[in-house]
Each structure stands twice: as structure tokens, then as C-alpha cells.
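Participant: Okay, here's what each chain looks like letter by letter:
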Amino acid sequence: MVELFVKDKRLQLLGLIIIFFILCSIITPSEQNILWRFPALIAQLPILINEFVDYLMFEFMPIEIFDPEIEEYEEKPLFKEITRAIARGILFSIDLIREILLGGVKTIVTFTSWDFVSENKWAYWPALPWTVVSGIAIFIGYTLKGSSLAILVCFSSVYIAVFGQWEPAMETLSFVLIAAPISFLLGLGLGVLGYKNKNVEIALNPILNIAQTMPHFSYLVPVMVFFGVGDHAGAIATIIFATPPMVRLTILGLKNVPIEISEAGMMSGCSNFQLLFRVLIPSARRDILIGINQVIMQCLAMAVIASFIGAKGLGFNLLLALNQLRIGQALELGICIVLIAVSLDKLSLAWANKQKNYFANKSFFHRHKYILIIIFILILGSIVAYLGNFIFRDTYNYLYLIPHNKGITTENFWQAGVDWIWDTFFFKLKVFNEFLIISVLMPMKQAYLSMPIVATFVLVMGVGYIVGGIKSALIVGGFLLFIALTEWYDRALITAYMTTFGVIVSAIIGITVGSLCAQHQLSTKIILLVCDTFQTFPSFIYLIPVIMLFGVTDTSVLIAVIVYATIPATRYTVEGIRSVPESLHDAALMSGVNRIQRWLKIDLPLAFPHMMLGVNQTVVFALFMVIIGAMIGTDDLGQYILKALSDKNGTGNGLVLGLCVAFIGLAVDHLIRTWAAERKKILGL
Amino acid sequence: MKKLISILFAGLLALPASVMAEDSSKPIVIPTHNWSSQVVMAYVIGGIFESMGNNVEYVPADSQAVYEAIRNGDVTISHEVWQSSFGKSFYNAMAKGGVIDAGTHAAMTLEEMGVPTWVIEKDLCPGLPNWEALKNCKEVFATPDSGGKGRWLEGPQSWHGDLMPVRVEALGLGDDYVVKFAGGADALWADLAAAKKEGRGTIIFNWTPNFTDAEGFTFIDFPEYTDGCRKADGGDGSCGSPKGWLKKAANYKFPKTHPAAYTAFSRMSFTTQDIGQMAALVDIDKMSHEDAAKSWLADHEDVWKPFTEAGM
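Taken in order, these protein sequences are the chains called S and X.
Sequence positions in the first sequence follow our numbering and run 38 to 722.
Sequence positions in the second sequence follow our numbering and run 10 to 321.
If you're looking for bench data, these hints aren't it; they were derived computationally from the structure.
In this text, all values refer to a predicted model and were calculated from it rather than measured experimentally.
Hints may contain errors.
Below, computed lysine to any residue pairings styled on SDA-like, alpha-carbon distance capped at 25 angstroms [said to hold, decoys possible]: (1) S:482 to S:466; (2) X:105 to S:111; (3) S:182 to S:570; (4) X:265 to S:147; (5) X:105 to S:103; (6) X:262 to S:103.
To be clear about the criterion: a stretch of chain X counts as covered by chain S if any three or more of its residues have a C-beta under 8 angstroms from a C-beta of chain S, and this derived list gives those stretches [unchecked claim]: (7) 42–53; (8) 155–166; (9) 189–197; (10) 292–299.
Partner residues are not named here, just some residues of chain X that face chain S (Cβ under 10 angstroms, in silico) [claimed, not checked]: (11) 64; (12) 70; (13) 75; (14) 77; (15) 131; (16) 207; (17) 281.
Don't be surprised by glycine CBs; every beta carbon is placed ideally from N, CA and C.
Produce the complete structure using the sequences and hints provided.
Facilitator: Structure follows, in C-alpha cells:
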């Protein structure tokens, strides 16, 4: 009997659940009962963090600096001067690109002064006409990958211009064009360091884990305190968000380079530098390319959130449109963000895939072909824009810059669509909504809240033990302990309840849809495109229609969660099933297996480890969206994270709350990874 | 010695400045938040500054976090400091140093729970807007997740903390009503729009002047506000909101760097009507914020010109 129990994990799990329920029933709920809730022993942690940050920013090593504005010396702390210098550097780069695209005076001011600009009205950098920017982008697309990419870029830029979103789109673009390369280089650099030095990798790992699971809202406040508000702050928050996947993929890619290749490089007498840049990185190209794709997607996914701390552009306008309930306008803006993401992604991939042309002895025209064509586009576009002055004498010069919101709009069409959905489905949905809330969500929430803390520990650590032995039990127990000792444990339980519900539904939908779509090449392609679109499409847009239909309730939050969290579940299922070797399918066919059997007996088990990684990502996505759900109205950790944006103790509260969310994610992450790794071993993958 | 030099320097540089007393050409940074009247007013004020020859720059900022940004000098002014929503953040930043009070608008503000006027016209809850009427019609305001009680949809918790839950209890409505915190203003408006389509009653937090004034919104008459009636001030919390002020804030360097602009800014005072007009241009006439500001400035020179005129 005992032997059976030691071997059979299912039996262990059953035993664990029985113990869990016994504990739940015998422990009395009372604040004094230590078995029910732990005392908030680390409630002081946020305050300590705040004091430390305040000290660092406002007191640490003051230096006397003369302030010419008020003609006085001011004591300024060293650290603040350093962070502000970084901020100024980034802001300068963003403004430089922005003014090339849209015109302005700030770059000139940097080299002269505001006085100079005020006195000399000619000192204004003119905007490039939108036709020129589009023309150059289309040309780049064409040279990199031919007409298909040119058509995509052409469609995107014309869409943006015609719908009157040129200015905000270029503002967003300028900040992405700074944030994305910095994230890329930073990620590549850290990845290479991690690959070369085991200690660096060990040190990087927990930082990356936390950076990838911490909700972006929670580090907005620290970024704001250290770097101020504005486009630079938005860019820095974006870099924090976009760099980790790049680091991971770089390390992964470099590790997968066969040892023979690097040995071949060494034998040919490569220096360290050459070995890295000529041999290793090109060989690890596939993963690094996925890294670039992730960096760009992440950058644009942050476009809206970055506007909370001062990033101008599409994101800010989108929030403004939503605030007036102008869903149609918000939708157009959202599409612009997606189009920029897709175009940039395809352009950068094409650029990275481009083979170098080594032909020598070219004529002057051949060597400078690209520059000449770009100059030609510039001149042509400028002439067209100049002629535009005469055509549009009384209105705006549509051939130069289409002013914001002065293009055509399909707002009314979308608005009518939203109204139609409302009129048609509202009352049916209302019945569903009431049923869901009263019979499913409220009882589930209550059940989570009525778990005694000791029972939770037994359950979580027990599952950890079953999955990965003592080590896993201690790791997940440690994560839980941190949350249990903060004053927000009940809030964390509510977050956990919403995440659980969201993940279960998303995983079911994602795995079903993914499996179906993976059966054909075309549907695979389509579903991956849909995944890309939804990943960059700002989730804020569907918050409002969802509120209109389901009210300020948990249902609304969960629907937003499910829309977003289904993406990774679907994507990984599709990829997992597509990677099942064709020969196995043939073998199955010969053994007379039908489609359903093939799916159940071959595809699913073999794709299972990969699908579990998808579920893992689903958990992270769901957590993120539950936190964003605070914008609808929740009473979980997210509500407090949102509140931290305006708190006096915002920095500390935001970070500790963010850590709580990250630890929930990391605990689940650890369990799933360990489990998936074991399955992989069993399957011999 | 170092001190002496610095004093000397400061003295030398201060001399020409005090003679000229001219505005610096550095841009005045004006924050834009996510509601219409504030954004239009930002462009209006920016337009006024520009008419005085100043450079202006706009930066999107969170309406609560902006005070910390003003303190640090990242943002120069804030022109809509609502007493009950932002008063705390404003005074917190002021206590830390770096923010100054630049006067008050003529507009009086009210931030209070209320119902769309058609709820009263349809007589869904007889006796409103008197708060006592609420005792008898909790089911009109019930939602699926309110557990049979009526629901008050309050703004995000960051706006006034536990003010409303305390009030519900103090008024003895605790058995009949619960307070639900919305995530942001857009959630409030979405609920307002949904309630109208559905014809159900809803109690939401709202304020005036606001664009909802045009559609009709009635605030509930709670027992009158008196000093110290709120729980934070030692009372039991059974009172409504005060008629509040709408202040202007500025970075402490602003008067020194831009004396003329600061004087104009401190004299600026918009009325409820002005603010309503600005919001309506965007929310009702669907103009863009910049255009609305331009059109308002063009039509109301009589209002804003006096702010800029010298000889005060």
C-alpha cells in the first residue's frame, strides 16, 4: 500500500486534496488565527523601498549646481543628475527622429538655445512630406523583399495618412525607433555576456523572470520617479518590457550553435570578436530573428501603457478617444498601431535575412543607387507637396501633412457596428452574464477567499513536491510565503481566482482552435497572423465595448483576459502540432488510424510539452490582463497597482504589488516547466 | 570661499535679470490628461501663453502623478486641480516642496454621487434627489454582482479612498447598498451609456462642470457638508461633498523664469460656463481638441485678453 502510494502520483494528488479539504473545514476563519491568515510581517517593505528611493533621488551625495533659470545655486543629488542625463539623451534621440519626420525646433534648440529659436523664426526644421516618408519606406520594403513587402508598407502608410493619424503615428514611430534598437542591442549584449559567463547567466535568470512576469503598471511609478515624465520615460518603460525576451532568445540561440561550427571558426583563426560576430551570432540567427520580432511586438504593445507616463502618439490619443466613448476612433488608432507593428516586423526580418552582395567593380550609379533613389523620392515628394499648396488653397495641404483627425474616418461605421451588437445581443448576454456571475464567479471567488492559509500552503507545496520533489516544493512555498506576509494576501487570492478562471477557459479555447487550425497549411498561416494582430492590438479598445455589454463586473474583466490569453495557448498548440514529424503521420496512416485517433494518440502527446509552454505563457498573459482589468474596476492586486500610480508611497507599493503578481506567475511557471521537462524526458524528445 | 564665489556669481547674474524681468524662452510644459475639458483648456492656456510670446509644450501625464512631475520640474503647471479628487495629491506634493498654489478658478466644482436625470423623470425611485429616497429603492440600482443590494459606482479608489463606503455605512444604508469602484472615468461613462440604453437605474460618481451636464445629470442631495464631518477629519462621514474649488498649481520656479506668463496664469479664472463650452466643442460638436481651443480663443477674446494685460 505504502509502496503504491510512493509510486503513483495520482494517488498522492488525491491524498493531498483530501488533506486540503480537511484543513479547510477544521480551521476557523478569524484574523487572530495564525492558521487562517499570517500576520503582515513585511508590510513595512514598501515604506523602506520608498525611503531608500527618496534618499537616493533627493539626498544622496548632493552637488551644487548653478541653475541659470532662477539664478541660484541649487543642491542637486548626484544620482538624480545621472538618471536625468540618461533621460535627456534618450529624449534628444527621440526628438531628433520625430523632427525629421514631423518638423520642429527642439533639435536646433539643443545646439543653440530657446532664445535663438525665438528670435530667428527661420530656424525651424521642416517636416518631411508624408509622401516622401511613405515613398522611402515603400522603396526600402521593395529592395529588401520585393513587391509583397512594398505593398504592405504602402497600404500601412496610406491607411495611416488617409485616416488623419499621420502625426500621432509618427510620434509613436519615433519613440519605437529608439526603444526597439536599444532593447535589441541591450538584449543581444546581455545575452552574449550570459552565454560567455555562467555566473552572469545565473544572475540574469531571476531578473529576467521577474521582469517578464511583473505587470508593466507596477514599474511605471519608479520609472517616473527616476526619469521624469515624457517620451523618454515611456521609452525606458518599454525597454524594460521588451529586452528580456531578446536576452533569453540570444542565450538560447547561442547555446544551440553546434560546437563544430565554433570550432571551425577557431581553426580558421578567428579572433574572439570575429568568432562572435562572424560565426556565432550568424549561426544563432533563427532565434535572434524571433527575438527581433518579439522586441517589436512588445514595443508596440506598450504604446498605450507608455502614454500613462507621458509618451505622445497613438497610445495617448487612443486613451482620449476611449474616454469619450468614441470606440470607432479608438479602433482606427488601434489598427494604426497594428499596421506599424506588422510593417516594422516584416521590414526588420527582411533586412536581417538579406544576403550581402559582394560584387565588386560597380559603376558610380550602382554603388550609390539607393541613396540616389531616396534623394529622387525626396525631391519628387517635395515638388508634389509644393504643388499641393496650389491645389488645396483654402484647406490643408493634403499632399504635405494631413493634420491630425482631418482625414476621412470610418468612425460612424464602427460606432454603428457597436450599436448593432448592443441592440441585438444585449438582453441575451445579460441573462448569460447574470448566470455566470451568480452561479460561477461569485461562488468561485468565495471559495478562494475561504481557503485557510495553511491549507493553501499544503496544497501548493504538495503539488510542488509531486511535480518536482522537495526542491520545487520549497521554491513555490517561498513565493507563496512572500505574498502571505504582505498585507495584500486576500487581494492576491482574488487575482488568483480571476487568473485561474481566465486560464482554464483560454487554454480550452486555444488548444481546440489551435488543433483545428494546425490541420491545414493555410489555416495555420491565418491563425498565426490573427495571433500577431491580437498581440499588438491594444487591449484597452475592447475594454469599453465589453463594459457596455457586461457592466463594471468581473465578467468584463474576464472576457478581456480570455481574448488576450487565448493568443499564446493557440500559437503554441499550432506550433507544437506542426512540429510533429510528417513521417509519424505517415506511419499512423499506414496503421489505419483515423483523424481523431491521430489527434488524440499522436499529435497531442507529442506536442504536449510545447503546448504546456503555451499554457505557461497563457498564465503570464492572463495575469497581465487581470491587472489591466483594474481599468474596468476590480478589487484585486491590480486595483492597488493602479492606485500606486498616484500614491505618496507609490514606488514601494507598486514594486511590492508587482512582485506579488510576478511570484504568482513564477510559481505556476516553475511547476509547468518542471512538469513539461519531465514529460519531454519520458517522450524522449 | 566657494560659497562666496557662488554668492558673487548669483549676484552678478541676478542683476541683469532683475532689470529685464523678461520671460525665459524655454517652453512652458503643460500637462494633458484624459478628459476633454482639461485637454481643451491646456490648449487654450497654451494659446494664451503663445499670444504673449512664450514657447509652449504639451505632455500627456497621469492626473494624479502629475503633481510629483510638477515638483520635479518636468511639468510646469497644472490648470485643473479638483478639490476632492486631486486636493490630496496636490497638498502632498506641496508639503514635499516644489509646488506652489497659483490661485483659484471662478468655477465651483461639485464631485458627488448622482443619477442621470431621466431616472428622476421616469420616477424610477420616487423622492430623488433627496438621499432618503434611496432607502426604498435598492432593487432599482441592483446589479448581478451586488448581492441583491443597490450599487453605487464610485470612481477608482485612488480618487477618494474609502469615502463612499464610509458614507454608505454612516447614513445607515449599509444593508441596502454596496460601493463598487470603477477602474477609471471611461468605465463610469460606459456604465452611464449602457444604463441609458437599457433603461435601468444607476448611481454613479460624477462631477460638474462636465460634458454630462448637457445630457442631464442630477446629483443626490446628501446631508450638507460641514467642516470636520468626514471621517478623516474626525466626523462620522454622514455628509455629502462640499462645493469645491478648482485650483491651479505651478512649479516653484515658474514665477522666476516666466514672470509675465506666471502673472497671467495666476490671474486666469475660468467659470463653469467657460469650461462647459470648451468641453462641449469636443464632446458634442466632435471637434479635435486643438481646433476646439482655437475656436474658443477666437470667440472669447473678451474673456482671456484681460488675463494677459499688464498693469495689474
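Participant: Please flag the earlier hints that this structure goes against, numbers listed from lowest up.
Facilitator: Going through the list in order, the structure violates hints 15 and 17 and respects the others.
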